[in-house]
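> Here is how the chains run, residue by residue.
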Amino acid sequence: MRPSIALAALIASVPASAQDETPPIAAWSRTAAVSETAGTLSERGAAVFNNWCDACHRNAEQNAPGTRSLELKYRGELPAPLEDRTDLTPALIELYVRNGVATMPFYRKTEISDEDLAALSAYLADD
Amino acid sequence: MPNPPPGLSQRQFDNALARLEEIIGRDWVFRTDEDVALYRDAYSPLWGEAEERYASAAVAPVTVEEVQDIVRVANEFRLPLYPISTGRNLTYGGSAPVHSGSVVLDLKRMNRILDVDERDKTCLVEPGVSYFDMYRYLRQNNIRLWIDTADPGWGGLIGNALDRGGGYTGIDYRDHFDAHCGMEIVLPTGELVRTGMGANEKATTWQLFKYGMGPWIDGIFSQSNFGVVTKMGFWLMEEPEAAKQVSITVPRREDVHAFVDILHSLMSDHTIPSQTSVASPVMNGSADPELVRLRTSGGASDAVWNRYADSVDRPFWSSTFVLYGAQKVIDAQWEHVRDRLGAIPGVVFRETASYAFPLSDEEAEAVPDKARYGIPSLNLFGSRNAPGQQPSEGHLDFSPMIRPRGEELIGLYDLTGRIYGELGLTPSAAIGMMFHARAMICFHAVPTFRNAEDNRRSRALFERLVTECAENGWNIYRIHAHFQELGMSIYDFNDHALHRLHETLKDAIDPRGVISAGRYDIWPRHLREGSA
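Protein sequence lines, in the order shown, are assigned to chains A and B. Mapping the first sequence onto our numbering, position 53 (from 1) lands on 53, and the numbers just tick up by one. Mapping the second sequence onto our numbering, position 142 (from 1) lands on 142, and the numbers just tick up by one.
Excised from the complex, chain A in its bound form (with noise of 0.2 angstroms):
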């Protein structure tokens, strides 16, 4: 479901800032990086969901706070992992990523860009 092909992709293509001589040993949270990363659309959205998503909606019985809420919401309606679900287009996952929801907050372009959303998207639409 993750490939995790992409996140290492995400990570190893990350480039030294020109400006400074010392090179970033880690940049997991690098924006625009999924511009400058290999592999699908998809793939990179896996990245994207991976570091900002995962923590919350991850398909787990625990330490997946968001996964928890909509199981509670949605009671068997609807699948609670985000991962699981085939209704999501890209115009609700921007919804609730630039607007948030309940204790969700909204994401900032630093964080989520334009592009990372649009792979993010590709990745949980195309499920």
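For the record, the hints were derived by calculation from the structure and aren't laboratory data. One or more of the hints may lead you astray.
[Stated by the list, open to error] Some chain B residues near chain A, calculated using beta-carbon distances under 7 angstroms:
| id | residue |
| --- | --- |
| 1 | Ala42 |
| 2 | Arg350 |
| 3 | Leu378 |
| 4 | Arg384 |
The C-beta atom is built at its ideal place from N, Cα and C for all residues, glycine as well.
Add chain B to chain A, keeping to what the hints say.
Below, chain B alone, put in the same frame as chain A:
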């Protein structure tokens, strides 16, 4: 387009932003309504009201040199800037500026982990590095060091430390500002300084020895607006061989005095290394009408409370903490803990979890109480606890400092319960937490909403809690941006001499008043005089 900052014409604002675009490129200057709205405080207690704080624009540099250039332009135009690190200081104001109309200086793109030294057990990071980032880096590289994470893993090491947040592991690490060692700061003039040993470029001990030589100045850059911190070093905890998490209960309300005294003693002699919480399973119970009546009465006797505790069949107090170290040391610590607390009749000891490190990815993922083991999560961010429940939307942290004494913990429960009752509200749960070596934080959550009516009620509650707890000597240590004037006002010795000193420093260090105007109620001269 958002309005220009106060004091700037549209033309001046446009010219300033054009200069900033030359520095960092158009893609990283955000000025449309849609983009700037992403800098609102998602948990604002003023959501949608006239007083809600808004940014006028946001800029996102990626290098220190860009930060310096931006600050110089801000001086030229008197453009108010509001630096944020990861921007996730939710419950304390998030990414929204204190002074409405400021341009947010979003440092999230500065997200490099510049150094991790496994032998020295230190790191050096930029402001955009989150706890998740650092944790993943350590695991990916098989580095046997722990971070001490705040409850929300999306928080940043630097931002949380500068707001003096806390975590759960060893005493050298969980007071996040205290765990830092060395800073780099862009001053409000654009000049770059490094503190401690970092003031000598050849020093090998920037992240090892805090003071360097001369006045130790790092403290003035926390909860303040005297510069833009672009690097900070931190001490990291060596992964222990093992850990044991325990839960201890005592049955009677009056047991709190011996319970807290002994726990404090065990922390002082380093038998207990971790953050230690003390809460009441009885008083933090459900919305049972009898419980609400007792709590809001603000002073029921021990005998009355003990009868209630018997009726719900719960021990009155509980404590949770973790023992870290070599297994044989943990065994000795646990034996000593049981010896000391065994003096309280009816005490019950439970071992709730034991771990041997390192954990596999699957084992780490399965840990329920992650922050106590340096594992970041967002586990506190669930919106619902029951089917059909109205989801929660946000909250304010109300966390007064008390002495670690049973009488103060009970006094706080009684006072806050009475205040809730007088406002017709159900009292919040409260937890005493020993984040710090000597003082206890008593954490409460005051809910916030996306509607004005409920938020007005929450603000009235919050203001009464702050004010009346302060009258009893229980001051808050950190506060949401909207309430920072109120928060600082209670630090009033000698007619607010401390606040005057803060503003004296502000005038000297930031004469044009461009950095984070109003943060912790420190205003630059031109806005002080204008608002007088």
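> All the hints need checking, so say for each whether the structure fits it.
We went through each hint and held it up to the structure:
1. Ala42: Nearest chain A Cβ about 4 angstroms off; hint holds.
2. Arg350: violated (20 angstroms)
3. Leu378: Since the shortest Cβ distance to chain A is 5 angstroms, the answer is holds.
4. Arg384: Interface hint status for arginine 384/B: holds (4 angstroms vs cutoff 7 angstroms).
Hint 2 from the list above is the single one not met by this structure.
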